[in-house]
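Peer 1: As a plain string of letters, each chain reads:
There are 4 protein chains.
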Amino acid sequence: MIRFNCDYSEGAHEKVLEKIAATNMEQTEGYGRDGYSMQAKELIKKLCGRTDADVHFLVGGTQTNLTVISAGLRPYQGVIAARTGHINIHETGAVEACGHKVLALSSEDGKITAGQVEDYCRAHMEDSDREHTVQPKMVYISQSTELGTIYRKEELEELAGVCRKNGLFLFMDGARLGYALAASDNTLALEDLGRLCDVFYIGGTKVGALFGEAVVITNPFLKEDFRYMIKQKGGMLAKGRLLGLQFLALLEDGLYMKISRHADGLAEELREAFHKAGVPFLVENTTNQLFPILPDDILEKWKEKYSFSYQQRVDQEHSAVRFCTSWATKKEDVEQLVGDIEKIYAK
Amino acid sequence: MIRFNCDYSEGAHEKVLEKIAATNMEQTEGYGRDGYSMQAKELIKKLCGRTDADVHFLVGGTQTNLTVISAGLRPYQGVIAARTGHINIHETGAVEACGHKVLALSSEDGKITAGQVEDYCRAHMEDSDREHTVQPKMVYISQSTELGTIYRKEELEELAGVCRKNGLFLFMDGARLGYALAASDNTLALEDLGRLCDVFYIGGTKVGALFGEAVVITNPFLKEDFRYMIKQKGGMLAKGRLLGLQFLALLEDGLYMKISRHADGLAEELREAFHKAGVPFLVENTTNQLFPILPDDILEKWKEKYSFSYQQRVDQEHSAVRFCTSWATKKEDVEQLVGDIEKIYAK
Amino acid sequence: MIRFNCDYSEGAHEKVLEKIAATNMEQTEGYGRDGYSMQAKELIKKLCGRTDADVHFLVGGTQTNLTVISAGLRPYQGVIAARTGHINIHETGAVEACGHKVLALSSEDGKITAGQVEDYCRAHMEDSDREHTVQPKMVYISQSTELGTIYRKEELEELAGVCRKNGLFLFMDGARLGYALAASDNTLALEDLGRLCDVFYIGGTKVGALFGEAVVITNPFLKEDFRYMIKQKGGMLAKGRLLGLQFLALLEDGLYMKISRHADGLAEELREAFHKAGVPFLVENTTNQLFPILPDDILEKWKEKYSFSYQQRVDQEHSAVRFCTSWATKKEDVEQLVGDIEKIYAK
Amino acid sequence: MIRFNCDYSEGAHEKVLEKIAATNMEQTEGYGRDGYSMQAKELIKKLCGRTDADVHFLVGGTQTNLTVISAGLRPYQGVIAARTGHINIHETGAVEACGHKVLALSSEDGKITAGQVEDYCRAHMEDSDREHTVQPKMVYISQSTELGTIYRKEELEELAGVCRKNGLFLFMDGARLGYALAASDNTLALEDLGRLCDVFYIGGTKVGALFGEAVVITNPFLKEDFRYMIKQKGGMLAKGRLLGLQFLALLEDGLYMKISRHADGLAEELREAFHKAGVPFLVENTTNQLFPILPDDILEKWKEKYSFSYQQRVDQEHSAVRFCTSWATKKEDVEQLVGDIEKIYAK
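First to last, the sequence lines map onto chains A, B, C and D. Residue 148 is where the first sequence starts when you use our numbering, and the numbers rise one by one after that. Residue 148 is where the second sequence starts when you use our numbering, and the numbers rise one by one after that. Residue 148 is where the third sequence starts when you use our numbering, and the numbers rise one by one after that. Residue 148 is where the fourth sequence starts when you use our numbering, and the numbers rise one by one after that.
Keep in mind that the hints are not guaranteed to be accurate.
You can't tell identical chains apart in this list, so a pair holds if it fits in one copy or across any two.
[Stated by the list, open to error] Computed list of lysine to aspartate or glutamate pairs in EDC-like fashion (alpha-carbon distance at most 16 Å, straight line):
1) K477 with E415
2) K448 with E489
3) K452 with E176
4) K450 with D487
5) K477 with E173
6) K193 with E447
7) K477 with D443
8) K370 with E278
9) K423 with E489
10) K490 with D444
11) K312 with E416
12) K405 with E161
13) K450 with E176
14) K162 with E399
What the hints contain is simulated information worked out from the structure, not anything from laboratory work. Bear in mind that the values here come from a model prediction, so they are computed numbers and not experimental data.
Chain A on its own, in the form it takes in the complex (with noise of 0.2 Å):
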């Protein structure tokens, strides 16, 4: 069985495991104060051009988004999200267990867009009963999306300017950051991140690391008392340095570009391999996800020898579904793939 279901199959890159090992009965203080995380917050902030930013390593995605949102929020404020949205349908309500409405917007492709917000913040603003809806004070959205697609930085430079015109502040959701930056069109620097959002985060659990998220806060509001957020949602790990020595890791040779771009690369051979064979695709993209829609015949059959995800059904005979790659996937298992790609549709 070989693994495209999704990019956390397997453990870490190995220099993340040394770089562990390298350190263990090292005595540091807990939880997050250490030596190593601290270089590895000052790494960041050079990385992203903000020096005056504050990075707070969490554990994983749910909770990253959770705590984030959690944090900038008053009780009757609510996040602007594409309804494909990662905490709209996929984390069992954490935003909501929070106290927090999701406020969903349509969108085909994972991305929404400056003109939604605006239209979406000019109706609360004209709505003369308005105390009765929840308020718009967050946009979220994530970078490559659920959908495997990418914001340009026009529209994102867009995205902020309207959340600046309407106070509302921008969150970008990075847990697949490394496979958008590395996409072949990408516009996107770290710098331009940390120019345009209030706050987001470089994912680690899904691009080298055995877990963790470096979350960047630039904006004042949200920098205060993080910590406690973070302490009482349950994400201050007691050893913290084991984020900081994986950041570290990831980030000091430009590990994370190279891990992100192999995967990319190889999920365009299967993207190649696909479009050769006339197969669709439910979205298109240039990152590590693909979405096509293949003959329920043929999933069946390669279910014995690859796992993938289910995403939708689009007619009575064709489904849609996701293959992933990842920093670790094989160049071998990839290959396979291809052939069994083309032996199908050879016929």
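Once you've looked at the hints, dock chains B, C and D against the given chain A.
Peer 2: Below, chains B, C and D without anything else, positioned relative to chain A:
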């Protein structure tokens, strides 16, 4: 600087790291549904004498506490705990953030008694306006407690009896369970916990793992849909096998007890040295935490060599502090401290 | 200015006020344990054909909705509702503030169907990662709906059937129940609600009372400890008899139905006038709310004489607005508006 | 049966009812935006000497407390209160249900001191791990307190000073404010509250209204978006004018103070009778609540004639109970009780 301030200053026992490294590039299913997690769960159920139990792995203690407590309570119900309990004073109101009041009982030694719980429940039931007060529904205890003391078998049996009689869940925080089980005067086995508690956990973070707590649920009500709770509260690790692997390493050959005895043994050496030197304790105990009451000037001098944690002021010239040993504490470090204890009190 | 914008512009029916005044200086027990509240509860149980039900009085609709929904759900569970449902769009996220997601289903007429609920539940159960999504556990409907439509007996029976099959609670918001029961094409009696709903309420605020909603709970799980829920959520009125007295006044002689018929009858006069004048409706219905689609210039002119509420833009020159009648609407006010409808469309 | 158990056994002062009846069929805007509410708000601002304040009307005390506290705190912040405070023991954990811990301070007489608050804040700031504990951000006091005592002007000034110094909001629960203002030894005027409190309320429910509390907010942060908070928490009355009208009736001619003096005067008669009879008090005070310590056999006998509320056991043969007078208490009822006090102690 030698760290005695807590029991999570180092990484993990080498066997734990080895197991993670050895399986690193294997592909497994995510979110704790992999084979290693399954194996570890089976092992834990056997060790607790409860093959009918459910076992779940979470990353840390606060997260585990808030998830278990949320799972057990309806909105108007609260959890009884010692005033010194971790959930009451060291989790930034995590339980309250989930909507529930901690019903704090007075305690000198970190423990609460069956009589206290019984009195609390009786007073609630006798109150004709009881719907104006929080309904007690769970009892939270720690083993060992935040003051290093342990419950004896008969005490736990009485608590369990009162809980059953009054329809309360009995929940044991086992963040330091190893150090309790390994204590020289311990009378409780894992099977007793499986028999008496509705839910408890075997702590990994402080006892040889990088991180991780193994929750054992014996009560059917608490079992239901517990994975939803974990996911919502941000505690579901994508690479869940990391938790399964660590508990396999710790539990399959008795390593957990062996390293716990190591810590308790070294703590005993320190305890004896303090006793000999005539140093009183804030509370007497037999586990890996010690709370000597020392003159402030000695503490000031020791700060350069040792880290320890401040507990409370006792009088104008004395403070109670905490020294911890752990699975990782080195014998030579303990000997050095013993030497300093003897030296100073020789005067 | 004649107000047609809502059905709560006046105080209370005179019989309601009389009853409050007549008993004003009597001393009674607080918090709804007085004799008048007891009488009213018995009467309501009889009218609903459920002497085994529990009845509680709350002050307003949002409070009632959030209290009932909180009482029924565990933290990871959500409530299914029409996208137009009051809890989804007009309660400032009150349900989310209690920790629960509103699972919104599309609806053109304010109603949802048994088929939609069944599909939602099936999709949830077929999802192998369902613990990553909110578990549906309750269905919220309004009778009449926010668009003035009503459920027919067979529709409610089907919804109840799907709810029972899938283990969901069926909750009916009856803020405007009188106007539904009095509708010319109504097929549901209070006994049907008692038989089919797990919980519902008989709205007083919009149907002749100063304020107040009478919650009828038939499901044993929801009954348990409901008074704790009311108190915690701030809904327990110290002088609870004020609620009992009002419902006695409204229900002991059929006043509730009589005044509801009054409102529906006047609405019918307006509806006919609009129909005759060729005015289309956003949605057709038979209760006290009308949603005509009118030219913006006429609306502009009418604003000086009438208050009505804005619903939505339909095209560049037309908007849908809402006109309400109520128990208190005067025949002469309706006649004046009818005159204006005729006049304008005479052109 | 004569009720002395609480101060909400009757309806409302006749002037309150008259005002509601006189305006009953007027049409007004909903949700507190009517002219009567506006008038009442202006009047209250003037009486408090704060024309810059915001005034809002809510239905009851628990609702008011939870709404104000939620409005003021970020998720990890808590509210300091006396252990005897209503929010700590008689609101079914309403504050915790909004996510916040009540930080309870010991108190013998229902009051807390500036020194206690200062110590709490200092201890928090000196804790190097303070993000592991709840951050104090608000102080809740009651005037009069749950034990009938009152804060003197210098005490309130000191509390306000400590709050400002430490960045805490000072919140006064005025459910029984009238009885405090009318006390023979009162030193505080409404203007003092307007000057010293960030937010407080003038209680109506227990002082002549059917229901209702008038919240006065002087702190700009707390003012922001407060109507969203009221709506979300279920406290926005559709027919909001009912609240405005009642406060107009109570405040426009000094009725509030007149009826408060009535209650305090009758309480004084009872107090003197108890004193003469040698009955000790649990706590001495000058307002409408009395806490005599009486032999159980007398209490048993009195139960047939009077209702009073049980406070606590004092010794094997004596209990402290509570007797309340109110705006509605009849002189002849007090005289009868005075007679019984004299009779029994004559023996």
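Peer 1: Checking K452 and E176: alpha-carbon separation at most 16 Å within a copy, between copies, both or neither?
Peer 2: between (47 Å within a copy, 15 Å between copies)
Peer 1: I want to check one pair: K477 and E415. Are their C-alpha atoms no more than 16 Å apart within a copy, between two copies, both, or neither?
Peer 2: Within one copy, since 14 Å is at most 16 Å while 52 Å is not.
Peer 1: Which holds for K193 with E447 at a C-alpha limit of 16 Å: within a copy, between copies, both or neither?
Peer 2: Neither: 48 Å inside a chain and 38 Å across chains, both beyond 16 Å.
Peer 1: Pop the pair K162 and E399 into one bin, within, between, both or neither, using alpha-carbon distances up to 16 Å.
Peer 2: within (11 Å within a copy, 28 Å between copies)
Peer 1: Can you tell me if K370 and E278 fall within 16 Å by alpha carbon in one copy, between copies, both or neither?
Peer 2: between (27 Å within a copy, 13 Å between copies)
Peer 1: Is it within, between, both, or neither for K477 and D443, if the alpha carbons may be no more than 16 Å apart?
Peer 2: The answer is neither: 26 Å in one copy and 61 Å across copies each exceed 16 Å.
Peer 1: With 16 Å as the alpha-carbon cut-off, assign the pair K405 and E161 to within, between, both or neither.
Peer 2: Intra 14 Å, inter 30 Å, cutoff 16 Å: intra-copy only.
Peer 1: I want to check one pair: K423 and E489. Are their C-alpha atoms no more than 16 Å apart within a copy, between two copies, both, or neither?
Peer 2: within (8 Å within a copy, 67 Å between copies)
Peer 1: Since the copies are identical, ignore which copy is meant and state whether K450 and E176 lie within 16 Å (CA to CA) inside a copy, between copies, both or neither.
Peer 2: Close across copies (14 Å), not inside one copy (47 Å); limit 16 Å.
Peer 1: First find the shortest C-alpha distance between K450 and D487 inside one copy, then the shortest across copies, and answer within, between, both or neither for a cut-off of 16 Å.
Peer 2: within (12 Å within a copy, 66 Å between copies)
Peer 1: Is it within, between, both, or neither for K448 and E489, if the alpha carbons may be no more than 16 Å apart?
Peer 2: Within one copy, since 15 Å is at most 16 Å while 69 Å is not.
Peer 1: Given identical chains, is K312 near E416, meaning Cα to Cα at most 16 Å, within a copy, between copies, both, or neither?
Peer 2: neither (42 Å within a copy, 47 Å between copies)
When held up to the earlier numbered hints, the structure conflicts with 6, 7, 11 and fits the remainder.
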